[in-house]
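Protein chains: 2
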Amino acid sequence: MSYNIAALSKLIEQFERMPSIGRKSAQRMAFYVLNMSKDEAKVFANAIIDAHEKIHQCKICCNLTQDDVCTICQNKARDSSVICVVEDPRDVMAIERTHEFDGTYHVLHGVISPLNGVGPDKIAIKQLLARINTDEVKEVIMATNPTVEGEATAMYISKLLKPMGIVTTRLAYGVPVGADLEYADEVTLSRAMEGRRVI
Amino acid sequence: MSYNIAALSKLIEQFERMPSIGRKSAQRMAFYVLNMSKDEAKVFANAIIDAHEKIHQCKICCNLTQDDVCTICQNKARDSSVICVVEDPRDVMAIERTHEFDGTYHVLHGVISPLNGVGPDKIAIKQLLARINTDEVKEVIMATNPTVEGEATAMYISKLLKPMGIVTTRLAYGVPVGADLEYADEVTLSRAMEGRRVI
Numbered sequence: 276m277s278y279n280i281a282a283l284s285k286l287i288e289q290f291e292r293m294p295s296i297g298r299k300s301a302q303r304m305a306f307y308v309l310n311m312s313k314d315e316a317k318v319f320a321n322a323i324i325d326a327h328e329k330i331h332q333c334k335i336c337c338n339l340t341q342d343d344v345c346t347i348c349q350n351k352a353r354d355s356s357v358i359c360v361v362e363d364p365r366d367v368m369a370i371e372r373t374h375e376f377d378g379t380y381h382v383l384h385g386v387i388s389p390l391n392g393v394g395p396d397k398i399a400i401k402q403l404l405a406r407i408n409t410d411e412v413k414e415v416i417m418a419t420n421p422t423v424e425g426e427a428t429a430m431y432i433s434k435l436l437k438p439m440g441i442v443t444t445r446l447a448y449g450v451p452v453g454a455d456l457e458y459a460d461e462v463t464l465s466r467a468m469e470g471r472r473v474i
Numbered sequence: 276m277s278y279n280i281a282a283l284s285k286l287i288e289q290f291e292r293m294p295s296i297g298r299k300s301a302q303r304m305a306f307y308v309l310n311m312s313k314d315e316a317k318v319f320a321n322a323i324i325d326a327h328e329k330i331h332q333c334k335i336c337c338n339l340t341q342d343d344v345c346t347i348c349q350n351k352a353r354d355s356s357v358i359c360v361v362e363d364p365r366d367v368m369a370i371e372r373t374h375e376f377d378g379t380y381h382v383l384h385g386v387i388s389p390l391n392g393v394g395p396d397k398i399a400i401k402q403l404l405a406r407i408n409t410d411e412v413k414e415v416i417m418a419t420n421p422t423v424e425g426e427a428t429a430m431y432i433s434k435l436l437k438p439m440g441i442v443t444t445r446l447a448y449g450v451p452v453g454a455d456l457e458y459a460d461e462v463t464l465s466r467a468m469e470g471r472r473v474i
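Chains as they are written, first to last, in my numbering: chain S, 276 to 474; chain U, 276 to 474.
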């Protein structure tokens with residue numbers, strides 16, 4: 276389906292490349308942009324350029340930041356001897372929302388995935404090891420996703436850390452709070468049984 | 276949920292304003308933009324500005340175009356004595372896809388909707404009447420959506436056109452091809468019965 280309008284087709288294409296955006300959504304979004312005022316369109320375009328220019332990785336934890344060092348690493352109230360290793364900057368925010376963790380983070384920006392050509396050198400493992408060598412780190416919490424790749428990455432990193440005498444822990448598996456046991460898959464349920472605790 | 280990164284929050288906000296995009300999708304899209312190369316981000320930002328600067332309404336039919344007059348109005352092979360009135364530029368493309376219509380279009384850019392404060396003067400009815408006065412128009416096909424507002428707009432325009440001696444027609448109602456009668460709503464089904472034809 277072509278609109279015979281080059282500028283519109285180009286804009287639709289741009290939106291269509293985004294994750295989970297299909298042709299119809301891309302069209303709707305492009306028409307939304309057309310209906311913006313000129314100033315709004317400029318603000319939108321600038322937001323894209325700005326985000327690109329201003330945001331980079333924190334020197335310490337590789338999380339996204341506009342400064343050299345992110346606000347969490349800058350915060351002296353946080354316990355830098357505990358590092359929570361996550362795959363993605365969004366995972367940092369998910370854990371921050373719990374308001375339960377006062378350590379620091381390390382963002383890998385991916386997981387080891389040989390099938391997709393991602394080896395250990397392609398994610399921020401080197402930076403994590405460098406950090407552990409210089410800082411006094413007591414515990415590393417592996418909070419990668421409970422997927423095959425996330426699991427493998429957690430195992431890989433914990434094997435590297437073991438000889439360094441650092442405690443490596445993994446997030447607990449179990450049934451999600453508020454969920455229905457009936458709908459829990461077998462693996463989750465058997466892990467929940469394994470990890471049962473005295474009440 | 277805040278990322279503590281102004282440039283990122285701004286970008287997420289921009290995406291969140293789009294139709295049918297929620298918080299999570301907006302975040303995914305913003306992160307997608309961050310992972311673009313610098314050049315790709317520039318292309319994206321330019322596509323927004325470009326679409327805004329280059330695209331405007333056709334002088335004749337109010338459809339979107341990069342030229343003064345859109346390709347359909349420019350095309351001499353098309354029958355300018357038949358005008359198909361639609362709500363939106365996307366409707367033009369939907370009808371064009373049928374390859375059955377060789378007349379011209381008129382895009383209203385909305386429907387009369389008193390509840391939303393849209394009166395007849397806020398949509399391109401004036402331009403339609405001006406066109407009918409100057410061109411030799413034989414038939415106006417009302418192809419607004421079969422909604423309450425679309426219906427009312429079609430009735431309103433046809434009443435304006437009647438004294439001018441122009442045939443106004445409306446798209447046929449009926450069951451959609453390939454659909455299951457069982458799932459057709461009563462109104463559609465009774466309209467389909469009303470409009471039945473000898474085979």
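Any given hint might turn out to be false.
Since the list gives no way to pick out one identical chain from another, each pair is judged satisfied if it fits inside one copy or across any two copies.
The list that follows gives simulated cross-link-like pairs (lysine to aspartate or glutamate, EDC-like), each with its CA atoms no further than 20 angstroms apart [what the hints assert, rightly or not]:
#, residue 1, residue 2
1, K313, E424
2, K334, D396
3, K401, E414
4, K313, D325
5, K299, E469
6, K351, E469
7, K313, E291
8, K317, E328
9, K434, E291
10, K313, D410
11, K329, E424
12, K334, E291
13, K317, D410
14, K434, E457
15, K313, E328
16, K401, E362
17, K434, E288
18, K434, E328
19, K285, E315
20, K434, D314
21, K329, D342
22, K299, E362
23, K285, D410
24, K313, E362
25, K434, D343
26, K317, D354
27, K401, E411
28, K397, E457
These are computed hints drawn from the structure, not numbers from a lab.
Inset, instruction - May I ask which of the numbered hints given earlier this structure violates, with the numbers listed in increasing order? - result: Violated hints (numbers, rising): 1, 5, 6, 9, 10, 11, 12, 13, 14, 17, 18, 20, 23, 24, 25, 26, 28; every other hint is consistent with the structure.
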